[in-house]
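Student: Residue numbers (the working numbering), protein chains in the order written: chain E, 7 to 343; chain U, 7 to 343; chain Z, 7 to 343; chain X, 7 to 343.
Hints may contain errors.
It does not matter which identical chain is used: a pair holds within one copy or between any two.
[What the hints assert, rightly or not] Okay, derived cross-link-like pairs now, DSSO-like style, lysine-lysine, Cα gap no bigger than 30 Å in a straight line:
id, residue 1, residue 2
1, K147, K256
2, K167, K147
3, K47, K256
4, K118, K256
5, K167, K118
6, K147, K47
7, K118, K47
8, K147, K118
Simulated from the structure, these hints should not be mistaken for laboratory data.
Protein chains: 4
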Amino acid sequence: MLRVALLGAGRIGQVHARSIAANAHSALVAVADVHAEAAAKLAEAYGAAAMTVEAVLADASIDAVLIATSTDTHSDLIEAATAAGKAVLCEKPVDLSLARAQACLAATQHHKAPVMIGFNRRFDPNFAALKAAYDRGEIGKGELLSVTSFDPAPPPVSYVKVSGGLFRDMMIHDFDMACWIYGGAPDRVTAVGSSIVDPAIGAAGDVDTAVVTLIWNDGRIAVIKNSRRAVYGYDQRVELLGSEGLLGAKNVLENTVEKITVAGAVSAKPEYFFLERYMRAYAAEWSAFVAAVAAGTAVPVSLQDGVAALAVAEAATRSAQTGQTVALSAAMLEAAA
Amino acid sequence: MLRVALLGAGRIGQVHARSIAANAHSALVAVADVHAEAAAKLAEAYGAAAMTVEAVLADASIDAVLIATSTDTHSDLIEAATAAGKAVLCEKPVDLSLARAQACLAATQHHKAPVMIGFNRRFDPNFAALKAAYDRGEIGKGELLSVTSFDPAPPPVSYVKVSGGLFRDMMIHDFDMACWIYGGAPDRVTAVGSSIVDPAIGAAGDVDTAVVTLIWNDGRIAVIKNSRRAVYGYDQRVELLGSEGLLGAKNVLENTVEKITVAGAVSAKPEYFFLERYMRAYAAEWSAFVAAVAAGTAVPVSLQDGVAALAVAEAATRSAQTGQTVALSAAMLEAAA
Amino acid sequence: MLRVALLGAGRIGQVHARSIAANAHSALVAVADVHAEAAAKLAEAYGAAAMTVEAVLADASIDAVLIATSTDTHSDLIEAATAAGKAVLCEKPVDLSLARAQACLAATQHHKAPVMIGFNRRFDPNFAALKAAYDRGEIGKGELLSVTSFDPAPPPVSYVKVSGGLFRDMMIHDFDMACWIYGGAPDRVTAVGSSIVDPAIGAAGDVDTAVVTLIWNDGRIAVIKNSRRAVYGYDQRVELLGSEGLLGAKNVLENTVEKITVAGAVSAKPEYFFLERYMRAYAAEWSAFVAAVAAGTAVPVSLQDGVAALAVAEAATRSAQTGQTVALSAAMLEAAA
Amino acid sequence: MLRVALLGAGRIGQVHARSIAANAHSALVAVADVHAEAAAKLAEAYGAAAMTVEAVLADASIDAVLIATSTDTHSDLIEAATAAGKAVLCEKPVDLSLARAQACLAATQHHKAPVMIGFNRRFDPNFAALKAAYDRGEIGKGELLSVTSFDPAPPPVSYVKVSGGLFRDMMIHDFDMACWIYGGAPDRVTAVGSSIVDPAIGAAGDVDTAVVTLIWNDGRIAVIKNSRRAVYGYDQRVELLGSEGLLGAKNVLENTVEKITVAGAVSAKPEYFFLERYMRAYAAEWSAFVAAVAAGTAVPVSLQDGVAALAVAEAATRSAQTGQTVALSAAMLEAAA
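So that you can see chain E by itself, here it is in the shape it has in the complex (with noise of 0.2 Å):
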């Protein structure tokens, strides 16, 4: 029984008590906020304790962290809670700084303690079941892979001054589902956006709207497109064209009813947004985590793979503000030296 701190009660932090909660092979022992009621409530709902995030490091009896506070702590708190020796499942993205987050890699790389990072997406049942028809050689060598990750409404634009930027706070998802596909971290990034959705986003300094191009040395393509809004729900697909064949993951829908009229066929809209379409997702996840930890074999996700994906998102950022094609050097995806 693996004995769990939750660090950050937020909305995402609400999913992941639930995973911890439901799952035989895990407990949730405490939780931190930094506001104390928020980690009292959601203690109290699963018989927890609230505790200090100093608490937690310090208290032997707990074995891992899970980190879903706000992206500007997670580099320290993932070097803190290795330090501690505590196993650690962090929310995407690893940081909003390419160079602190390879400092973090460096930091913890030495540790015996595993930091899996929360790109939840992997998890996915559809396109866990994508990539294992891929890697079954089902479609033979990937050519061309496409990713649409689009949200149903924009991020208040405070929000949006904070995050990042779209390429580091959400097309970072598409960036790792991409170098999970195919196996690794591409060569060149070409980036371009536009604030059509919003002109308060790009008066803001940001996109809402992007279509990344990345290329692999051997020549393998990807193409993700985002967009900040689309009213009818969280559109998340992936497609991917072989030499022998096309491998697609469509879009979960509300329910399977269809209705014809002189209007037409109507069909269910997509899950709304992420907390609909990825539920049991987030629960696969941690459930991988559990297990890893467990048995002492590798997280399904590293630490590494999350510097990866922000290396590319850095580089997406130059790509669409110089309009040239950007080269990922080795040193964009290793540990601080």
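We have chain E; now place chains U, Z and X onto it with these hints.
Tutor: Here is chains U, Z and X on its own, set in the frame of chain E:
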């Protein structure tokens, strides 16, 4: 908080145990089973007590019982539990004998304790969405309802012999579906069947493939298709033609992945069987029961509904044997005199 | 080059005229119609001659006739044309009277001139692909066949009165479909129907919504659903459950566009009616006839097939009237003695 | 009745011959080809005369020419035909040289004779339905357009060498699609490509897999994906995200049959290549040309449109070579000075 005893610790009892435990408004406090060991094991997993049925009924702190025992005990247990003042959720069918079910209805209808029958499919989100759209008038007046319901594999012949036959054991779900969607019992029943899947089923006096047509007194028609074997999984679809359109609820697939190669475009199969397909429905069914008991409102599936479905099954059995349409008399739908 | 006369210049005759003219191996040389003007107009459009039926039959340069006249003239024209040595393609049904159709079969079966009945749906590329896959054994042994066949709107009651009733006029296509797919006629027929779409159809002694169940002597079942009104268009589907899987032919939609908005995902409706849906089937039917006549091989839909479909329609009509299953005797399927 | 001469009797010329002959308002009167035999054979099949190009242009009874010769002759033939007063429908692309195409535009733009370029996909009923829905405002303002266009198999390398490259030869269709849907040419073009399908294509200086991103001056984005090889057939899809929803045109499948077995649910592949997929589009394209010429209205695809698509191809070619975004100047879109 509803304090619940589970009667029956078999496969379906285990499903219900999870729903009871997961619901924020109910607690599983006791488990009873003729196999004391099974009761003990399940009780332990949920921190409940293993008890005899008698002890459960005598325990005033227990508010409700969920009856998931073998069918031949249902009527007796419903009567005993309601006499003891417990709210009851009983698995389908009420009984294999229509007369016994009618007597049970007579014996319990003047008790205050609510009795709900476990027609879980009404709580499937897809069928519920279809029903809601129909009730909102989205396709006008219903005219022709089609229910497709195929199991993945036939049960052992030993089970078939004590099952009451396909109409009472399997199609009873679909009879309830038709009565629920149209809102009331049909006038006439016509049934045909054959044992083409397994001759041993025919030798046991039953059919494994059947089509039943129901007609309501205003001319509405429902047609139900059952097969004991669809090798690809649990095929569960409903389609309703109305004066202004068609509503259809399609199968729930294992995932959304599609693979296109020279061999064609391959998608996932339907969920394999009821534990996969109706897991959400079981939870929703339990929630609806708990909510109705808490609010003191009518349960959404009455014992009367259970009798009606059994009456249709009885009529279908006779029609298949005689080759004649069988009228459903008012007496068949009522409590015993 | 097959030299062809078209008998009947109405709506369906015009469809056939186009097929005859477009086929590289046939030429439309004559058109006859009781309305001389209609014949003249259609003949002129294709550079053919307007002639009387008598003149057509007397003209030795004409190789084949396509009979697209009113149903009550079919048997007489088939007999006269085969007696004159013409190859015949006759629209369905052979006749409204089973006895008359059986006499026609008796009168023509020893002639060399081939007679083909226009069950056009066999030539629809979708149904043909389903049949071919079944015949290759792709789903094992057929067990339960379902045919859905809904018209977009009911015909005028004046037509209903002379139509021979839904079973002979409309469902006869589906009877042929079932006999064709399973390869032979059923043993027993059970039919139910109602006039829920339009009470005037009921007042005229017919039904507008019906379900017929057919059983073959080895236990295979087919169920056919008909409605005179599906406001969204021509609903034409076939589904076959076999021992190793399910084959289904879905509707042909007007286009492949899908629109997803907050109101849901809207796709196109089915093609509106038979002229849209079966245009390719009519052309393929004609090609198959021309090819068979040229090669001297058996035509793909025989007059015997036409009699069999009519015998099933006769049995269904009786079953719907009596509420009893009707056995199909060998005598009903044979030529008149 | 439009009297038409077909220039070019190859594969695509034969497709057009059928459209011309089948259209009630046009007649194929002459065929010319550098291979006199090919011209003679095709002319004979349609009762037309085999002629030289010179004779065609000199024949005052010929109203229009359809140019389906090799690309390097297009500009010369367009100029000669318009000078001779013939209406022209010319296959895409106008030319491999943007400068030559611009000169052709300059040379012909003051003639009265209409010149239409054969971007057949605009006439596909699915893309046309998508465009119409967008123009009706059904998804609000367009923001992100995606075009997927994969051929079933790469052409011979010998063809690749003279093709002008993937952007001018293959993706030019998609450039026109994007300009047509959005209504005008983009501002900037970013292209990446690789020769992962066949290294010999790379050795010939071309790519076989490419992604191009186009941006309009108001921030609208289009992304186009091309591959020379999708083994399952001709993958032709368009998807447009707008401020109020998403419009998508899916592939046209070979048939509507679905087979479900233990191996999954198998549907048909897309139509194999352009002759299958776009047969209806070619006929509709020709009808639109004939109708415009007859009515004296503007043809639906102008020579200017052909120049614009070529300008985008030119920019994409440069971008793929340099790794830089290329701006599309006004001069690139205009007639030669």
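Student: All hints are to be evaluated individually against the structure, with a verdict given for each.
Tutor: Each hint, compared with the structure:
Proximity of K147 and K256 under a CA criterion of 30 Å is satisfied in both settings, with 21 Å inside one chain copy and 24 Å between copies. Taking identical chains as interchangeable, the C-alpha atoms of K167 and K147 lie at most 30 Å apart only when they sit on different chains, with a minimum of 25 Å there against 40 Å within one chain. For a Cα distance limit of 30 Å, the shortest separation of K47 from K256 qualifies neither inside one copy, at 38 Å, nor across copies, at 41 Å. In the homo-oligomer, the alpha carbons of K118 and K256 never lie at most 30 Å apart, since the shortest distance is 39 Å inside one protomer and 49 Å across protomers.
Taking CA atoms no more than 30 Å apart as the test, K167 paired with K118 passes in neither setting, with 36 Å inside one copy and 57 Å between copies. With identical chains, the CA atoms of K147 and K47 are never at most 30 Å apart, being 51 Å at best within one copy and 44 Å at best between copies. Taking CA atoms no more than 30 Å apart as the test, K118 paired with K47 passes in neither setting, with 33 Å inside one copy and 38 Å between copies. Proximity of K147 to K118 under the C-alpha cut-off of 30 Å is found in neither arrangement, the shortest distances being 36 Å within a copy and 53 Å between copies.
Of the numbered hints stated above, those contradicted by the structure are hints 3, 4, 5, 6, 7, 8, listed in ascending order.
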